[in-house]
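Chain by chain, the residues run as shown.
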Amino acid sequence: MQIPVVPRGSGTGLSGGAMPISQGLVLSLAKLKKILRIDPFTRTAVVQPGVRNLAISEAVAHLGLYYAPDPSSQIACSIGGNVNENSGGVHCLKYGLTLHNVLRVRGVLMSGEIIEFGSMAPDSPGLDLLAIMMGSEGMLAVVTEVTVKLVAKPKLARVIMASFDDIEKGGNAVAAIIAAGIIPAGLEMMDKATTRAVEEFVHAGYDLEAEAILLCESDGTPEEVAEEIARMTKVLEESGASGIQISKDETERLKFWSGRKNAFPAAGRLAADYYCMDGTIPRRHIATLLKRIQGMEKKYGLGCLNVFHAGDGNMHPLILFNGADQDEWHRAEEFGTEILEACVELGGTITGEHGVGIEKINSMCVQFGENEREAFWGVKSAFDPEKLLNPDKAIPTLSRCAEYGRMRISGGKLPHPELERF
Amino acid sequence: MTNSNMSPAIQDFQAQILSAANNKAALSIEGGTSKSWYGNPNNYAKLNTRTYSGILEYQPEELVITACAGTPLKEIEAALEEKNQVLAFEPPHFGEQTTFGGAIAAGLAGPGRISVGNFRDFVLGARVMDGKGQDLSFGGKVMKNVAGYDVSRLIPGSMGTLALLLEASVKVLPKPAATATLRCEISQTQTLKVLNEWAGQPLPLSASCWIGNASGGEGVLMIRLAGAAAAVKAAIPLMSSLVLASEVDPQTADAFWKDLREQQLPAFNQLSADQTLYRLALPAACGPLSIPNTANEIVLEWHGQQRWIKASGDEATFASIKQLANAHGGHASRFKQGTGVDPALQRFTLLSEQSHSKALEIVQTRLRAAFDPAGVFATSRLP
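So the sequences go chain by chain: P and H. The opening residue of the first sequence carries number 1087 in this note's numbering; numbering runs sequentially from there. The opening residue of the second sequence carries number 956 in this note's numbering; numbering runs sequentially from there.
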């Protein structure tokens, strides 16, 4: 019948990957939410795709285990969606992405055939097709069952909150920690605008004068944590931190984190709407990108909060705008596109963990050349020759990119030159 | 199709690929030939990658190294060593000349694999040349990247049957602050039990190896701990008391783990003419296996998820080993063969021999055809 199908989990995605399409069906997997098997001995769980990310950790907490990837939406997002986005989270620098924490994926091809990627063994015969399923945005197969790895819950976690009077010093401190041979459990940064916005909301006692605040977490045994906290503190001091606070107990640790975790709702208080970006860049360019974003704020006349996974260079600028104002809406989109193009230029990528979906499909034309995009279509066709599974997402057609290229060039810097912008 | 960024070496690769495509012939990709014995053999013309060599980018604070496929692996490891970093999955060399590209194409990992992941977990990006001679770049040099399908992670373990690897960016890690090795004598059953239990606890367990008699009795278990100095120090008495282990001096320990990785231990290297060294990849739940028609000694790595056994190289023995591995949810391969074993015998478990693999087989065939329509890389080295 040639009817396109769009698989959908919890619908928490940030790039429109599960958006319904005209003349197509939406296949909701949200009701497949059974945890089928938990095996503490092999540290694995077999779950249906609609199981919420956090539900897995909750179900195995009594065994001293948890599922490591923790995207911010973990109370709601589903494991099937995590597989399709290769979701990360705050702790993936140390514990890896979905890719590193999934052993096996069972699914159904668009042809109706059942397919199984990976196995319970450390590797499988043939090409490693499990790897390509990760982050495939529902375009290759419908995920029906996932076997995840569980890891031992650390006995203790503590966090250092460090202030910097200069964004560059903060960025350099991130690089210095890594260069010192430390892989923190979490390494997050917030700029001044974010700190001020969240402090009003959570009253965590953030340094409001700081240009950047860094949160560095250590987890493990008490001895291990003490050692790592001491080493990180030293590096942060040497990097010129203007203030350092170490969480004394779990309550304080959660308080330090509360601002980071509430950055998005805080942004929602500052403006009617916000647009969350997701580029990743090499760590050494963090300060460069932040400075460029400051320039863009002036250019587009819109504010931007910067809060991000500094440890892996994954930036989440939040562009503030009023969606009721058509012009602001366009400027916000242009602002976002320019940030992503800057990420590519700095040697990074347009999406670290949110996916391309429909949102960044034009930016794919910037990141990849025609031959790569054609190769992606080859991958797509190997799984779904009729291109019916979640079509028109993630991978732009050649004609779409040609169109986008023309639009970018002929309109000067921006389309709709008749609009007043600055 | 010629790209201005193409070095003379890459232009030469392209010419070889296009000519092979025209002549409907395959090319067998080789680097340092240190693993030429691995996988199904062929007599196709060779494409050697060693002309494209060198580290392209390495910044320790980025935890990424980017290098050309023909770069000697030891050159890469030496550069990392200088900055106190490592390839944490410990790829085996199997020879002085082994290259970065060859190690990736083989996709093999050493003792650390059980605690840190395999080669593909560490690949962040790759520049490859497909069977049409197109120069393609996938992934990147950053830790998190979900733009486009993750094609670069298809290369590890593909053994030159998908595309020619030109360059790769691989994640590196700092050397652990401290390591220690414990040794004890213990049965296989007890080994599998205790290792899986420890792996579920917050302990700095980094690697394990048990060598003993397959049919029962005690063998020697070596356990490596790695992590923060305090964590290792605290774990030693805790773990030692449970299995009556003693600490091995660091020099002996380092030599042991290296010999294990390079398969220089007697359990591996005294292969008689009619024997095959079989590799079994198994789920963590798999208990001791009684393997028919085999020499008595068995090596367990990765907490029992990788097992090595020497046995007769005939097809019937391989068939029963494959069946045994399959029945436990794993697979088996002929890793190394004695000089008297027919080299033409299939080295791997075929997808068609496993359940739920029919659709995989179709997808794999189509995927290879997409990257390589003329069959330039269709050597069947990996079926």
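Heads up, some of the hints might be wrong.
[As the list claims (entries may be wrong)] Cross-link-like lysine to any residue pairs, in silico, SDA-like; alpha carbons within 20 Å at most:
(1) K1038(H) with D1411(P)
(2) K1038(H) with A1266(P)
(3) K1038(H) with I1268(P)
[Said to hold, decoys possible] Facing chain H, according to a computed beta carbon distance under 10 Å, are these residues of chain P, among others:
(4) R1192
(5) S1205
(6) A1373
(7) K1446
[Stated by the list, open to error] Some chain H residues well away from chain P (every beta-carbon gap over 12 Å; in silico):
(8) T1006
(9) Q1014
(10) P1131
(11) F1303
By construction, these hints were calculated from the structure, which means they are not laboratory data. Backbone N, C-alpha and C fix where the C-beta goes; we use that ideal spot for every residue, glycine too.
A quick look at each hint next to the structure:
Proximity of K1038(H) to D1411(P) is assessed by CA-CA distance (about 52 Å); at most 20 Å being required, the pair is judged violated. Distance check on the hinted pair: K1038(H) and A1266(P) sit about 10 Å apart at the alpha-carbon level, within 20 Å; holds. Among the hinted pairs, K1038(H) with I1268(P) is consistent with the structure: their alpha-carbon atoms are about 13 Å apart, no more than 20 Å. Checking R1192(P) against chain H: minimum C-beta separation of about 8 Å stays under 10 Å; hint holds.
Checking S1205(P) against chain H: minimum C-beta separation of about 6 Å stays under 10 Å; hint holds. Hint status for A1373(P) relative to chain H: violated, with the closest Cβ pair at about 13 Å, above 10 Å. At a threshold of 10 Å, the smallest CB-CB gap from K1446(P) to chain H is about 8 Å, leaving the interface hint in force. At the 12 Å boundary, the C-beta of T1006(H) stays outside the reach of chain P, the nearest C-beta of that chain being 23 Å off.
The beta carbon of Q1014(H) sits about 7 Å from the closest Cβ of chain P, which is not more than 12 Å, so the claim that it is off the interface is violated. The claim that P1131(H) lies off the interface is violated: its Cβ sits roughly 9 Å from the closest Cβ of chain P, which falls inside the 12 Å cut-off. Against the 12 Å criterion, F1303(H) falls within the reach of chain P, whose nearest CB is about 6 Å from its own CB.
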